[in-house]
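Trainee: The lines below spell out each chain.
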Amino acid sequence: MPLLQLISRRLLQLIGVLAGISLVTFLLVHMAPGDPARLLAGERASAESIAAIRAQYGLDLPLWRQFLTYIANLVSGDIGLSLRFQRPVIQLIEQFMWPTLFLTGYVLCLAVPPTVALAILGARRPGGIGDQIIRLVGIAGLTIPVFWLGIMMSRFFGVSLGWFPVSGYGTGFTGHLHHLFLPAVSTAIWLVPVLTQSLRAALIEKTTADFVTAARAQGATERQIFWQTMLPNAVLPTLNLLGVMVAFMIGGAVIVETVYAVPGLGTLMVNALLGRDYYVVQGLTLVFAVSTVLITLAVDLLTAFIDPRVRF
Amino acid sequence: MIDTPVLAQAMPSFRKPMPTMLVALAILGGWLALALAAPVIAPYDPDAIDIMNMLSPPSALHWFGTDQVGRDVFSRVLFASRVDLLLCVAGVLPPLLIGTTIGLLSGYFGGVVDNVFMRIYDLTVAFPFFVLVLAIVGVLGPGLLNFILALTLVGWVSYARLVRAQVLTIRESEYIQAAKCLGYRPVAILGHHVLPNAIGPVIAYAVSDAVLVMLAGASFGFLGMGAQPPLAEWGVMIADGQAFVQQAWWICLFPGLAAISLGLGFALLGDGLGQIQRRGVTA
Amino acid sequence: MTGLENGKPPLLDVRDLSVTFGAFAAVKNVSFTLQPGEILGIVGESGSGKSVTCRAVMRLLAAGASAQGSVALDGRDLLALGEDELCAIRGRDIGMIFQNPASHLDPLRRIGQQVAAPMIRHLGISKREGWQRAVRLLDDVGIREPEKRARSYPHEFSGGMKQRAMIAYAIGCQPKLLIADEPTTALDVTVQARILQLLKELNRKTGLAMILISHDLGVVADICSRVVVMRGGEVVEQGPIDEVINRPSHPYTKLLIDSQPGRRTYGTTATAGGSAPLLDIARLSVTFGAGRSLLGGIGGDHSFRALDGIDLTINAGETVGIVGESGSGKSTLARSIVRLNTPSGGTIRVDGQDVGTLAGDALTAFRRRVQMVFQNPYDSLNPRLTIAEAVAEPIWRHGLADRQTARKQADALLETVELPRSLRDRKPRQLSGGQCQRVGLARALALKPQLLIADEITSALDVTTQAQILELLVRLQRERALTLLYISHDLSVVSSLCQRVYVFKAGRIVEQGVASEVLTTPQNPYTQALVASLARLPTERTAPHSQSVSHHAT
Numbered sequence: 000m001p002l003l004q005l006i007s008r009r010l011l012q013l014i015g016v017l018a019g020i021s022l023v024t025f026l027l028v029h030m031a032p033g034d035p036a037r038l039l040a041g042e043r044a045s046a047e048s049i050a051a052i053r054a055q056y057g058l059d060l061p062l063w064r065q066f067l068t069y070i071a072n073l074v075s076g077d078i079g080l081s082l083r084f085q086r087p088v089i090q091l092i093e094q095f096m097w098p099t100l101f102l103t104g105y106v107l108c109l110a111v112p113p114t115v116a117l118a119i120l121g122a123r124r125p126g127g128i129g130d131q132i133i134r135l136v137g138i139a140g141l142t143i144p145v146f147w148l149g150i151m152m153s154r155f156f157g158v159s160l161g162w163f164p165v166s167g168y169g170t171g172f173t174g175h176l177h178h179l180f181l182p183a184v185s186t187a188i189w190l191v192p193v194l195t196q197s198l199r200a201a202l203i204e205k206t207t208a209d210f211v212t213a214a215r216a217q218g219a220t221e222r223q224i225f226w227q228t229m230l231p232n233a234v235l236p237t238l239n240l241l242g243v244m245v246a247f248m249i250g251g252a253v254i255v256e257t258v259y260a261v262p263g264l265g266t267l268m269v270n271a272l273l274g275r276d277y278y279v280v281q282g283l284t285l286v287f288a289v290s291t292v293l294i295t296l297a298v299d300l301l302t303a304f305i306d307p308r309v310r311f
Numbered sequence: 000m001i002d003t004p005v006l007a008q009a010m011p012s013f014r015k016p017m018p019t020m021l022v023a024l025a026i027l028g029g030w031l032a033l034a035l036a037a038p039v040i041a042p043y044d045p046d047a048i049d050i051m052n053m054l055s056p057p058s059a060l061h062w063f064g065t066d067q068v069g070r071d072v073f074s075r076v077l078f079a080s081r082v083d084l085l086l087c088v089a090g091v092l093p094p095l096l097i098g099t100t101i102g103l104l105s106g107y108f109g110g111v112v113d114n115v116f117m118r119i120y121d122l123t124v125a126f127p128f129f130v131l132v133l134a135i136v137g138v139l140g141p142g143l144l145n146f147i148l149a150l151t152l153v154g155w156v157s158y159a160r161l162v163r164a165q166v167l168t169i170r171e172s173e174y175i176q177a178a179k180c181l182g183y184r185p186v187a188i189l190g191h192h193v194l195p196n197a198i199g200p201v202i203a204y205a206v207s208d209a210v211l212v213m214l215a216g217a218s219f220g221f222l223g224m225g226a227q228p229p230l231a232e233w234g235v236m237i238a239d240g241q242a243f244v245q246q247a248w249w250i251c252l253f254p255g256l257a258a259i260s261l262g263l264g265f266a267l268l269g270d271g272l273g274q275i276q277r278r279g280v281t282a
Numbered sequence: 000m001t002g003l004e005n006g007k008p009p010l011l012d013v014r015d016l017s018v019t020f021g022a023f024a025a026v027k028n029v030s031f032t033l034q035p036g037e038i039l040g041i042v043g044e045s046g047s048g049k050s051v052t053c054r055a056v057m058r059l060l061a062a063g064a065s066a067q068g069s070v071a072l073d074g075r076d077l078l079a080l081g082e083d084e085l086c087a088i089r090g091r092d093i094g095m096i097f098q099n100p101a102s103h104l105d106p107l108r109r110i111g112q113q114v115a116a117p118m119i120r121h122l123g124i125s126k127r128e129g130w131q132r133a134v135r136l137l138d139d140v141g142i143r144e145p146e147k148r149a150r151s152y153p154h155e156f157s158g159g160m161k162q163r164a165m166i167a168y169a170i171g172c173q174p175k176l177l178i179a180d181e182p183t184t185a186l187d188v189t190v191q192a193r194i195l196q197l198l199k200e201l202n203r204k205t206g207l208a209m210i211l212i213s214h215d216l217g218v219v220a221d222i223c224s225r226v227v228v229m230r231g232g233e234v235v236e237q238g239p240i241d242e243v244i245n246r247p248s249h250p251y252t253k254l255l256i257d258s259q260p261g262r263r264t265y266g267t268t269a270t271a272g273g274s275a276p277l278l279d280i281a282r283l284s285v286t287f288g289a290g291r292s293l294l295g296g297i298g299g300d301h302s303f304r305a306l307d308g309i310d311l312t313i314n315a316g317e318t319v320g321i322v323g324e325s326g327s328g329k330s331t332l333a334r335s336i337v338r339l340n341t342p343s344g345g346t347i348r349v350d351g352q353d354v355g356t357l358a359g360d361a362l363t364a365f366r367r368r369v370q371m372v373f374q375n376p377y378d379s380l381n382p383r384l385t386i387a388e389a390v391a392e393p394i395w396r397h398g399l400a401d402r403q404t405a406r407k408q409a410d411a412l413l414e415t416v417e418l419p420r421s422l423r424d425r426k427p428r429q430l431s432g433g434q435c436q437r438v439g440l441a442r443a444l445a446l447k448p449q450l451l452i453a454d455e456i457t458s459a460l461d462v463t464t465q466a467q468i469l470e471l472l473v474r475l476q477r478e479r480a481l482t483l484l485y486i487s488h489d490l491s492v493v494s495s496l497c498q499r500v501y502v503f504k505a506g507r508i509v510e511q512g513v514a515s516e517v518l519t520t521p522q523n524p525y526t527q528a529l530v531a532s533l534a535r536l537p538t539e540r541t542a543p544h545s546q547s548v549s550h551h552a553t
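Chains as they are written, first to last, in numbering that gives the first Met the number 0: chain L, 0 to 311; chain H, 0 to 282; chain S, 0 to 553.
Be aware that a few hints might be false.
DSSO-like mimics (lysine-lysine), calculated; alpha carbons at most 30 Å apart, straight line [said to hold, decoys possible]:
(1) S/K447 <-> S/K426
(2) S/K447 <-> H/K179
(3) S/K126 <-> S/K147
(4) S/K175 <-> S/K27
(5) H/K179 <-> S/K407
(6) S/K126 <-> S/K204
(7) S/K253 <-> S/K27
(8) H/K179 <-> S/K504
(9) S/K126 <-> S/K175
(10) S/K175 <-> S/K199
(11) S/K253 <-> H/K179
(12) S/K7 <-> S/K126
What follows is a set of in silico ranges between Cβ atoms, one per label pair, in the way DEER data are often shown [stated by the list, open to error]:
(13) L/F155 <-> H/L35: 33 to 39 Å
(14) L/A18 <-> S/L422: 56 to 62 Å
(15) S/K27 <-> H/A164: 41 to 47 Å
(16) H/E171 <-> S/G81: 30 to 36 Å
(17) L/F155 <-> H/A164: 40 to 46 Å
(18) L/V309 <-> S/G308: 52 to 58 Å
(19) S/G512 <-> H/L167: 38 to 44 Å
(20) H/L35 <-> S/P382: 33 to 39 Å
(21) L/V309 <-> S/K204: 22 to 28 Å
(22) S/L422 <-> H/P18: 44 to 50 Å
(23) S/S325 <-> H/P185: 27 to 33 Å
Everything labelled a hint here was simulated from the structure, so no lab data went into it.
Given the structure is predicted, the values throughout are model-derived calculations rather than measurements.
Ideal placement from N, C-alpha and C gives every residue a C-beta, glycine not left out.
Only chain L is shown next, with the shape it has when bound in the complex (with noise of 0.2 Å):
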């Protein structure tokens, strides 16, 4: 079964890249300039708080046992400690991570659907009136600031109309899909013109693929070469840059999150960062990192499930 066989080989690959994070997240706090223990124990520490930070955190070892230490933790599950909530890194992130995953999908069902009608559009008359608007429309919406068009849009439609809340996650799936409109709207701006291009791109390239003149020739109406033959080889490449844009949205969640006061990983990573809390920022980014690989495989199988060509 070469499908198996790919699985089993990109799972071989998954234990090489994973180990590469870790070895990333790890020397992320260790190289940073200056002693560790300092950092965590603050500016003010004294020298004795500084030896027992070094002492408890093994800081004191060679730097390959803290990292064998580190790996055997995070095997262990044990992603870190937070330094100012006191409490392990992994339940801080298992308590913010709901509104970010809720986020993450209300994004991409805002963005799926008028990026698959704004390239259809565009790609039906390429170079055309409808086509050129698009794409500088979806030119200008790449330039927008995330942040600055939150905080304007939180201003006009939260503060000034009143119709939404602008921070805050909401209680039940109505009120979590009610306080996270602003801040989806917000990502899939950007998000919308980036998969549009892509898309349109790829459904130009194929209106005039061989294939499709064959499939003419063969009588196929118009609507047929459309659906069955145009756009499943157009979603593709489209597919492979969802999975790029997951992995770029979890970044846009940070900013997005912090615009609206929303509890998710985003906020909790800024805060940490501001209030250097490392290992949660350690942890987080190892998360992060994860899940984007993860994603990144899930793609890739998708890939492979559609296109023949890949499977061996």
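Once you've looked at the hints, dock chains H and S against the given chain L.
Mentor: Only chains H and S this time, still in chain L's reference frame:
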């Protein structure tokens, strides 16, 4: 033997000049002029606090209004453009240079260098770009210099990957085979034959990347991880104004519009350059 | 015309067809007819408008093109039909196959599904029935294990199999007319012969009328009863194939016929070069490791032996040819000689020196002695250099002259390859394919080599251009006392140019000998198949005319 060259030659839309490129150049030139002439044009000292004129709305005296400590928003937007323009250049050039060099060597010679590079690439794309840069800046400490350092540490990889992909196809082309066959030295082949043919898409990408760099820079300023107040930078200004946005929308609005227009300049230029690249391939 | 003479109404009647792309007229006032059951050939070189003509018949032109005139199929004007009526005719009454079967099959759908789709669409049969018919059709077009192969995807098929699948795809609804646009151009000659055989059988058994578009007069002569010769969007001549070939009335047709490889021998002369071989290859093997990324099941063996124990010698002044189909290792050999590949075994000696051990000055000296011209006219020149720069570069890089002098020498070289001075500052893309190949030749000659390797240097060119390049090559060989290694897939070109020939198959030499003998009395079964596959003009019948024709040499 196929008639496609005839078709391409007959396509009317293929040889039109692009008005968007001219718009882009006008925007970028305009911002460059404004940034250079900021001390002359700006009606006020961007850092001059004027308690008597706090949060005053746009008027003939203060075109873009004043902020919470009475600083003139228009002057600050002008002076901030120097920071943000510089940021674009400083955030793009180092990754471009490092990435191009490594991508060139990695793609052309292959072998161990290439293998090591590909592992680094796999590892870097495993991290969400923004998060990794944020984490590095967080650990190094907030500030513009650390931001650019972090950006370079992460960003060179995309350039190297792009150049490498170009080089991999160019390396197989017959003119490179011919150059080897004619006994040219590797340095001559790389510099005279590979690089000039590989660099086009990279330049187009770099210009588009400038948009991302500027947005990231502003975002970092907004989060308090990039430029530090009281330095006038668009992101910092927006962050400053966020608390007062209900009474004084102008503090946030104008720096944002400035960022969008500069971004538009880069994005349109990058888009145009990208189209020229693709056209060059097809024609 | 001929169609009207025998009284039957024509199946297809094209009258005054013109196609314009904006201001550019690709096809001008083309008229021809096709009788039921007839095979009509349309022959012409690139830019002749032959493909555009047929796409206009099928109404498959790109947006922005407009067609005038009339195209009547059984009396119905196709150019006047609406989209729905057109869809009902395409694939039902007219089938079409294309030059590059690989890109014309949808990569994401199974072969069986694709073959079944037109039948399900036009004949209203069920999916199940469609699949069964598709399997039968695949069997009919000569695909083994059709049940299993119907479930395959296009990328799992070889080039020849893809074209067979394409044919099955086109004939499923038993159309009245099949349009074949360069159906064998991308295929090896032995595969080409089998596909042409298949088309002939289809025509004989089912009376399927065909239009065969080809650049290759030999292919057209092989299966067509009538031929239309096109140039620059116009029909220059048409008529029964024998008549056109034996008594061409238009000078262009004469030129075309005269340019056919194998119509004449180019007088390369073996200058007496002594007994010591210039190039001596002994037991050469080249093995490629399997690529890590893209590789469909080559099986358990992870390496691929491109050359397997090759022995070959060339004496100074000789012109030696290598013939083989794709994958035979002929290009690998060329690349190994100039050290673009590293052999896994055996030796290559030039004048007794082992090429593999050369380094430093000795390697530089070797580079000056052995040069190569490549296959692809545009790809073999750096697109950013003007042609004068490209030709001058080796001269100054080797320190043979300063840049100023090198430029002057480059001008002289361009003159040698018959390129007008006015082209010297052009970039490759502003030149024609033939001109680019001349630049490639000039660049290779810049270092004044003894041995020149020409790897498929005319295979991307039109046949008339090919003839000119071959003439040039012969002249250069004579004037500069070159030793020439000419590599081609085309046995007739090689045997008309070379004194000796090596026939390659799957990395081995299967036959070698004097060119004319290999062509006329091949010993090895593979060579026999190769010779039999040659789509040649009926030379024996043209014997009385060949004299007058060969006067018309350019």
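Trainee: Please go over all the hints and tell whether each is borne out by the structure.
Mentor: Okay, the hints, checked on the actual structure:
no. : hint                          : result
1   : S/K447 <-> S/K426             : holds, 24 Å
2   : S/K447 <-> H/K179             : holds, 17 Å
3   : S/K126 <-> S/K147             : holds, 17 Å
4   : S/K175 <-> S/K27              : holds, 26 Å
5   : H/K179 <-> S/K407             : holds, 23 Å
6   : S/K126 <-> S/K204             : holds, 27 Å
7   : S/K253 <-> S/K27              : holds, 22 Å
8   : H/K179 <-> S/K504             : holds, 27 Å
9   : S/K126 <-> S/K175             : holds, 24 Å
10  : S/K175 <-> S/K199             : holds, 15 Å
11  : S/K253 <-> H/K179             : violated, 41 Å
12  : S/K7 <-> S/K126               : violated, 38 Å
13  : L/F155 <-> H/L35: 33 to 39 Å  : holds, 35 Å
14  : L/A18 <-> S/L422: 56 to 62 Å  : holds, 58 Å
15  : S/K27 <-> H/A164: 41 to 47 Å  : holds, 44 Å
16  : H/E171 <-> S/G81: 30 to 36 Å  : violated, 47 Å
17  : L/F155 <-> H/A164: 40 to 46 Å : holds, 43 Å
18  : L/V309 <-> S/G308: 52 to 58 Å : violated, 37 Å
19  : S/G512 <-> H/L167: 38 to 44 Å : holds, 41 Å
20  : H/L35 <-> S/P382: 33 to 39 Å  : holds, 37 Å
21  : L/V309 <-> S/K204: 22 to 28 Å : violated, 40 Å
22  : S/L422 <-> H/P18: 44 to 50 Å  : violated, 34 Å
23  : S/S325 <-> H/P185: 27 to 33 Å : holds, 30 Å
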